[in-house]
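Undergrad: Here the structure of chain A is known, so what remains is to put chain B in place on it, guided by the hints.
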Amino acid sequence: MKLPIVCPSCDHTLNVSQMKCPSCATQVNGDYELPVLLKLSRDDQEFVLNFLLSSGSIKEMAKQAELSYPTMRNKMDDLIEKVKKLQN
Amino acid sequence: MNWKTIFNPFEKFDEKYLLALGIISLIAIILVNQWTSSYFTSIYRIDYMENFDFKKATISTIISYVSMIAVLFVLGKILYKKTRIIDIINTVLISQIPLIIILPFQKIEYTKIVTKRVIAYQDHPSGAFPILDFIFMFLSIAIAVGAMIYSIVLFYNGFKTATNIKKWQHVTLFCIVTFLTVILCQIFNK
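Chains as they are written, first to last, in the working numbering: chain A, 1 to 88; chain B, 1 to 190.
Think of the hints as simulated: they come from the structure by calculation, not from any bench.
Fair warning: this is a prediction, and the values are worked out from it, not measured in the lab.
With a Cα cut of at most 27 Å, we get these calculated DSSO-like pairs of lysine-lysine:
no., chain 1, residue 1, chain 2, residue 2
1, B, Lys81, A, Lys59
2, A, Lys39, B, Lys166
3, A, Lys82, B, Lys81
4, A, Lys63, B, Lys12
5, B, Lys77, A, Lys75
6, A, Lys59, B, Lys160
7, B, Lys16, A, Lys63
8, B, Lys12, A, Lys82
9, A, Lys75, B, Lys12
Which residues of chain A face chain B? A few of them, derived with a C-beta cut under 10 Å, are:
no., residue
10, Ala62
11, Lys63
12, Glu66
13, Leu67
14, Ser68
15, Tyr69
16, Pro70
17, Thr71
18, Arg73
19, Asn74
20, Asp77
21, Asp78
Beta carbons are placed, not taken as given, at the ideal position from N, Cα and C, and that holds for glycine.
Here chain B stands alone, though its shape is the one from the complex:
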């Protein structure tokens, strides 16, 4: 497996294999949601519930996925009539896999302690500089940002492979439609 395959698995792997992996990842996300009391209000927004409701969280997560799949499929059909629903489903499902590692961040007790200590030091900088806490925080943020960027790269490459878009106008339209869908989904999926 080379870098090209890592950033665009849609170019190489069979759609049935990707779909199976995507469904497994969705189940994993739902289970991790339950463990971390989290849920998706859009494919790029994770919220946390105090009193976790499994049914509500799962429905919200699935609505996030389905709404994005529906919108992208319509857009794909407009831009390229040979667009297949399975390729769009795979795009959305596979692109969410890297986000699984972000979900437990809030759950790890050490993260809360470190955050409190760093904020406390910033407010009243006295005593030794908590270098380990800053390193831990920096690494956590780097991992979260890295996972988010990787997810967006997968999302873009998946749609590009599914629809064969090349023109910058089409890419811009894809970005605008995705952004609007994410925002609208977050508003209506609260």
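Chain A on its own, in the form it takes in the complex:
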């Protein structure tokens, strides 16, 4: 099941209000903000994961995605901008 990160009604980023231990069923309630990386779209999260798995090499990522280096670098820069906005 996909983790919803955006409110279906107003598009605002969702917060976490409940967590549950899958082992003993203990529940924790509250109002927790999602970490910055989880606020990103699924595609962007996948991009970050791929970046990590390719040892932080944009060149390697570009090769795997069959894209050129500047295209991948531009995607990375756009993502950095998004993360900066989410941090503020």
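TA: This is chain B only, laid out in the frame that chain A set:
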């Protein structure tokens, strides 16, 4: 290969592959220049020499390319500090490939004959309407305009990919700088 790749090969292909293709196309352009007695005074201006001088024509064509590469690289660095020279070189070299098909137009003898016949008919419209001549002329113009538009699209997409520009102000600046470089190059490269 899809439409997106055709109009923006810079997004997909490796820079070394594009550079190799660009250099081959430059050599091809120089050879076609010799065959058609033509040369570039800027990347978007083709002139013809009566007494063709290979050295002069080649230098003029190369100056057109180099001046545009230099100006775009400086602009790219100002707009986006990660701009690489190889991406700008590829932008200029690849964008010129479609223009190769325009070069022989003047050389084809039939084009001159058709042009003369069409002009003659327009001045004195008598006899049968030369429909085939008009179709030939129309197709020639359509191919030339199509090649020019495709070249400009490649030029813009190449610079956009190289510099990651998105703001309309940056795009406008790019258009103005390109236009000025083309004009200045044509003035000084005569």
